[in-house]
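A.B. asks: Assemble chain W onto chain D, guided by the hints.
So the chains spell out like this:
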Amino acid sequence: MISLIADILSWTCLLGGAIFLLIGAIGVLRFPDFYSRLHAVSICDTLGAGLVLTGLMLQGGLSLVTVKLLLMFYFLLFTGPTAVHALAEAALQSKLKPLVDEHES
Amino acid sequence: MDYLIDIVLLGLLMITGFAIVRMRSLLAVAMLTSIYSLLSASLFVALDAVDVALTEAAIGAGISTILMLATIALTSDEEKAPRHTPLLPLIVVTATGAALIYGTLDMPHHGDPDAPVHHHVAPTYLHDTPGEIGVPNVVTSVLASYRGYDTLGEVTVILTAGAGVLALLGYRTRRLNSRGPGNRQLVVLRVIAKLFFPLILLFALYVLFHGDYGPGGGFQAGVIFATGFILYALAFGLGNAQRVIPHRLLRIMAAVGVLIYAGVGIESMLLGGKFLEYRVLADDPVTGQHLGIMLIELGVGITVTAVVLIIYYGFVSRLHARDI
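These protein sequence lines map, in sequence, to chains D and W. This note's numbering puts the first residue of the first sequence at 18, with every later residue one more than the last. This note's numbering puts the first residue of the second sequence at 5, with every later residue one more than the last.
What the hints contain is simulated information worked out from the structure, not anything from laboratory work. Every value quoted in this text rests on a predicted model; they were computed, and no experiment measured them. Among the clues, some could well be false.
Label-pair distances were calculated between CB atoms; the ranges are [what the hints assert, rightly or not]:
(1) L39/D to L295/W: 48 to 56 Å
(2) P98/D to A50/W: 42 to 50 Å
(3) P98/D to R28/W: 29 to 37 Å
(4) R247/W to H120/D: 48 to 56 Å
(5) V121/W to K114/D: 55 to 63 Å
Here are some, though not all, of the chain W residues that point toward chain D, as calculated from beta-carbon distances under 8 Å [as the list claims (entries may be wrong)]:
(6) V192
(7) L193
(8) L299
Counterexamples of contact, computed for chain W against chain D with all Cβ distances above 12 Å [to be verified]:
(9) Y7
(10) L47
(11) L104
(12) D110
(13) P127
(14) L209
(15) T291
(16) A325
(17) R326
Built from N, CA and C at the ideal position, the CB exists for glycine as well.
The shape of chain D in the complex, shown without the other chains (with noise of 0.2 Å):
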């Protein structure tokens, strides 16, 4: 019984993981500026990754894979965000103007 619930749970979770991932995915693909590009991928990032990873973990049950699997997230947690900073960090050193609505401005 409760193995069967943990399956629900994992699946459901590695499903949205990877819908989140197709979403980051298309948002790369048609979002119009260098900018909300990146906002499209910092999804795949957190939310796709996480999920995933979290729906590993619960097929993992308790045990050392679980464990790196944590680890991995933790890690992702990180390295995410800092890379898709770093991007943006240099895309506004190296004077890429950010796209913008004229009109509400």
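C.D. replies: Same frame as chain D, but now just chain W:
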């Protein structure tokens, strides 16, 4: 199911390969080669070759990308348009590819138990490793003990490569600005780098000394160790990195690693064994093997770290010299 993973990975490899050929922007090509290496590493994992996968991920996706980016920063990020028609290269590549595919027809199928490779020396290694060497990871026992000569040759090749890069690129001894690039913009990067620097070094040591039991060893550990310092140099500037590990020290380290390796060989000769025969190093042959493997892995790690950092310092010091 396994086939599906192989097919997807190989398909992605092919797409990446075509994209690399079609791209003109070398920055994008450097990134794509990194992805190519990561895909190959995944393929090696699917083939159960985790030691090779670890090496490919650390060297192919990690270090070579950084070195390629450094080269691009020194030269140009646009590929020059070819002056000749692509017809002749296309014919050559197609002919070579066809010959190679024709060659694979004679090869045994993947996983075939009757393949010659499974009847040559592999059964001996697999059978004798637990008793003679007592190391769970057979890859390490083959690499470090049975094939110790080959590995000594490889480390010497790496040392020679480092010396070659040093001779070609040189090293600008100009006093480097120890404050490094930028200041306020790099705050986030610096905090994260500071947080991860010790963890990377710790992981490198784990890979080095756990190589007997799991995937890993001197080569992978050396590269990971060097990656830690490269991350530090990226965030804090080359000047600060050199205060931690100066160039002079690296040149000594590169030679010391090979010396340790060869020294273990000489030591085993002095103790009455053959060159690199570790079992004479201790009273118990298995302990001797453990000791010998650990020492030579340490030597490999030191040389690889030093050479990778020498190459990186060479590139980046040129970049600094040009900017000033």
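A.B. asks: Which hints from the list above does the structure break, by number from lowest to highest?
C.D. replies: Hints 2, 8 not satisfied by this model.
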